[in-house]
Amino acid sequence: MDAEAAKFIGAGIAGTALIGAGIGIGSIFSNYLSGALRNPSAAASQRTNLLLGFALCEATGLFGFVLAIIILNTPV
Amino acid sequence: MANDPMKQFEIKEIFNGPQIGPFDLTFTNSSLWMVIGAVAVIGFLSLTARGKLVPGRLQSLGELSYEFIANMVKDTTGPEAMRFFPFVFTLFFFILFANILGMNPYAFTTTSHLAVTVSLAVFTVVMVIVAGIWKNGFKWFKIFAPSGLPLPMYILIIPIEIISFLSRPITLAVRLFANMTAGHVMLKLFAIFIAFLVGQGGLMAGIAIVPIIGTLAIIALEFLVAGLQAFVFAILTCVYLNDVYHVDH
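Top line first, the protein sequences correspond to chains A and B.
Numbering follows the working numbering, with no gaps: position 2 of the first sequence is 2.
Numbering follows the working numbering, with no gaps: position 90 of the second sequence is 90.
The shape of chain A in the complex, shown without the other chains:
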């Protein structure tokens, strides 16, 4: 295989890290929503943890994005 082609394939595979981030963010918000509907009075106090979990989860996916950018900008 051409090295240039392998570079693009590698960058594409690195981008699949965002699949996990998507699943994680969906799970965080769905669980927050179901918890908040069961006990609405406790929901507001947990918003900080919600956003924290969202950001931590999203970051792991974006590491894949950074990796893809690094791969694309590496001269072969």
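Calculated directly from the structure, the hints in this document are not laboratory data.
Quick reminder that beta carbons are idealized off the backbone N, C-alpha and C, glycines included.
There may be inaccurate statements among the hints.
As the list claims (entries may be wrong) - Calculated lysine-lysine pairs in the BS3-like style (CA-CA distance at most 30 Å, straight line):
#1 B:K188 / A:K7
#2 B:K7 / B:K74
#3 B:K142 / B:K7
#4 B:K52 / B:K74
#5 A:K7 / B:K7
#6 B:K74 / B:K12
#7 B:K139 / B:K74
#8 B:K12 / A:K7
#9 B:K12 / B:K188
Stated by the list, open to error - Computed far set for chain A versus chain B, every beta-carbon distance over 10 Å:
#10 G22
#11 I23
#12 G24
#13 S30
#14 L33
#15 A36
#16 T48
#17 A55
#18 V66
#19 P75
Based on these hints, arrange chain B on the given structure of chain A.
Leaving out everything else, chain B in the frame of chain A:
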């Protein structure tokens, strides 16, 4: 027209500075926008700090932002950590203004460069280490060995704790950098696509309304992300400051 989505992150020289040892003190567009951000923060706070007993609209904005950060520090770390409140407040507002100013057309997003975010993150983590040793002495290193475990477990736990501690500056920096870069690249790609469709003319120019609506939605999302990332950076700083005050978990 610039067709490269990465071109917006280019650092351009504005005027030459001296070279002192390994440091190149050239004033770039990145430095310019950092100065603008800092001036905007100072302007915002001096406009809102009126000191009237009954706050007006502007003053309550300033007071709300003070209370927001103060409550965050108190809830996450505890009242004794209010000593670090000025640091967290500065960090939050610098990142917030850098992110939001970067959303303006023709502006430069300083936080979309790893050099800036790594400096902020490394400074934060080094400050936690120095403050921890300053306050607790060498007992501070107990944060790497949580108490109440069977003895053989420590062989496994201590390296894991050390690695997770050392990865903090990396994750803190890359999170902010990647969020800002990814958002701006996405906006630029959509803009290039719209320009391409309009350039085709006829029916294709009519279809361009779809990516225009999409871009508007992404811009709204990016403003949310700009605030959220500043908030997350500040709250993670508070979480890390926990290690200064609560050595025994």
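Status of the hints after comparison with the structure:
1. B:K188 / A:K7: holds, 23 Å
2. B:K7 / B:K74: violated, 42 Å
3. B:K142 / B:K7: Roughly 47 Å separates the two Cα atoms, so the pair is violated.
4. B:K52 / B:K74: Roughly 25 Å separates the two Cα atoms, so the pair holds.
5. A:K7 / B:K7: holds, 21 Å
6. B:K74 / B:K12: violated, 41 Å
7. B:K139 / B:K74: holds, 24 Å
8. B:K12 / A:K7: Holds: K12 of chain B and K7 of chain A sit about 29 Å apart, inside 30 Å.
9. B:K12 / B:K188: Cα-Cα ~19 Å, so holds.
10. G22: holds, 14 Å
11. I23: At about 18 Å from chain B, I23 of chain A clears the 10 Å cut-off, so the statement holds.
12. G24: Check passes; 14 Å lies beyond 10 Å.
13. S30: holds, 19 Å
14. L33: holds, 18 Å
15. A36: The claim stands: A36 of chain A keeps its Cβ more than 10 Å from every Cβ of chain B (closest is about 19 Å).
16. T48: violated, 7 Å
17. A55: Violated, since 4 Å does not exceed 10 Å.
18. V66: violated, 5 Å
19. P75: holds, 15 Å
The structure does not agree with the numbered hints 2, 3, 6, 16, 17, 18 stated previously, though it agrees with the rest.
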